[in-house]
Amino acid sequence: GAVVSQHPSWVICKSGTSVKIECRSLDFQATTMFWYRQFPKQSLMLMATSNEGSKATYEQGVEKDKFLINHASLTLSTLTVTSAHPEDSSFYICSAAGTGGYEQYFGPGTRLTVT
Amino acid sequence: LAKTTQPISMDSYEGQEVNITCSHNNIATNDYITWYQQFPSQGPRFIIQGYKTKVTNEVASLFIPADRKSSTLSLPRVSLSDTAVYYCLVGRYSGDYKLSFGAGTTVTVRA
Numbered sequence: 001g002a003v004v005s006q007h008p009s010w011v012i013c014k015s016g017t018s019v020k021i022e023c024r025s026l027d028f029q030a031t032t033m034f035w036y037r038q039f040p041k042q043s044l045m046l047m048a049t050s051n052e053g054s055k056a057t058y059e060q061g062v063e064k065d066k067f068l069i070n071h072a073s074l075t076l077s078t079l080t081v082t083s084a085h086p087e088d089s090s091f092y093i094c095s096a097a098g099t100g101g102y103e104q105y106f107g108p109g110t111r112l113t114v115t
Numbered sequence: 001l002a003k004t005t006q007p008i009s010m011d012s013y014e015g016q017e018v019n020i021t022c023s024h025n026n027i028a029t030n031d032y033i034t035w036y037q038q039f040p041s042q043g044p045r046f047i048i049q050g051y052k053t054k055v056t057n058e059v060a061s062l063f064i065p066a067d068r069k070s071s072t073l074s075l076p077r078v079s080l081s082d083t084a085v086y087y088c089l090v091g092r093y094s095g096d097y098k099l100s101f102g103a104g105t106t107v108t109v110r111a
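Read top to bottom, the protein sequences are chains A and B.
The opening residue of the first sequence carries number 1 in this note's numbering; numbering runs sequentially from there.
The opening residue of the second sequence carries number 1 in this note's numbering; numbering runs sequentially from there.
These are calculated hints, taken from the structure and not from any lab test.
All residues carry an ideal CB built from backbone N, CA and C; glycine is no exception.
Check each hint, because a few of them may be wrong.
To be verified - If you only want the chain B side, here are some residues facing chain A, beta carbon under 10 Å, derived:
id, residue
1, Pro7
2, Asn26
3, Ala28
4, Thr29
5, Tyr32
6, Gln42
7, Phe63
8, Tyr93
What the hints assert, rightly or not - Cut-off 25 Å, straight-line C-alpha distance, at most; resulting in silico cross-link-like pairs (PhoX-like, lysine-lysine):
id, chain 1, residue 1, chain 2, residue 2
9, A, Lys66, B, Lys98
10, B, Lys98, A, Lys55
11, A, Lys64, B, Lys98
Said to hold, decoys possible - Interface residues of chain A toward chain B, partial, derived using beta-carbon atoms under 8 Å:
id, residue
12, Val62
13, Tyr102
14, Val114
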């Protein structure tokens, strides 16, 4: 399957600061990228879907001004958590798909801890 | 969007077959069913995907009855390394994506 990377794999930041997480598809063109959040022992919760060159579509209840998503190219999407607070601490996972593709290729995840 | 329901956990022993059933009573006509495996602190890994009847690959089989209101992931001859959380995902693409992950089934394989 296709390879998706995330950077960083883990990050610790202070409350009130912003953190950027990168998601890259290494060997295919990802028309669509997804961002998920996962709390301990819970399922993946879809936060937003982004198409290359377009604004992201956010799921209900996800603050778009807090979780900024940019999908500037077919291989890179970024998630910026602005003014992070301890309750934003979670495991953030991205995935990528080709145009209309049903198979998502997941990244390894980023562990965010806000102190 | 179809709500998915999976058992919370299942125990098995090495060499046995494990079958995990996901219920999705309100599945739509163009929804696909996908199963993923996830280890702690890792992203999910694709296992298998199907629309109807039976699909088999080198690691698993997926059984989907004619009414498509459920699907069963079958893992043949599990080993200790198959201990993980398994997620059922029902989703479709019709201009945009509609996705619904199940709560996950923790499979524990014992020696």
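Okay, the hints, checked on the actual structure:
At its closest, the beta carbon of B:Pro7 sits 13 Å from a beta carbon of chain A; the interface hint therefore is violated under the 10 Å criterion. Taken as an interface hint, B:Asn26 does not check out: its beta carbon lies about 18 Å from the nearest beta carbon of chain A, beyond 10 Å. Look at B:Ala28: its Cβ only gets to about 13 Å from chain A, farther than 10 Å, so that hint breaks. Contact between B:Thr29 and chain A, as hinted, is not supported at the beta carbon level, the nearest pair being about 14 Å apart and thus beyond 10 Å.
Here the hint on B:Tyr32 is kept, as its CB sits about 5 Å from the closest CB of chain A, short of 10 Å. Checking B:Gln42 against chain A by beta carbon gives a least distance of about 6 Å; that is within 10 Å, so the hint holds. The closest approach between the C-beta of B:Phe63 and any C-beta of chain A is roughly 18 Å, which is over the 10 Å cut-off, so the hint fails. Among the interface hints, the one on B:Tyr93 holds; its C-beta lies about 5 Å from the nearest C-beta in chain A, closer than the 10 Å criterion.
As the CA atoms of A:Lys66 and B:Lys98 are separated by approximately 22 Å, the hinted pair is consistent with the 25 Å bound. Pair hint B:Lys98 plus A:Lys55 holds up; C-alpha atoms about 17 Å apart against a cutoff of 25 Å. About 18 Å separates the Cα atoms of A:Lys64 and B:Lys98, which keeps this hinted pair within 25 Å; it holds. Below 8 Å, beta-carbon pairs count as interface contacts, and A:Val62 has none with chain B, the closest being about 14 Å; its hint is therefore violated.
Below 8 Å, beta-carbon pairs count as interface contacts, and A:Tyr102 has one with chain B at about 5 Å; its hint therefore holds. Using the Cβ-Cβ criterion of 8 Å, the hint placing A:Val114 at the interface with chain B is not satisfied: the shortest such distance is roughly 18 Å.
Violated hints, in rising order: 1, 2, 3, 4, 7, 12 and 14; the structure is consistent with all others.
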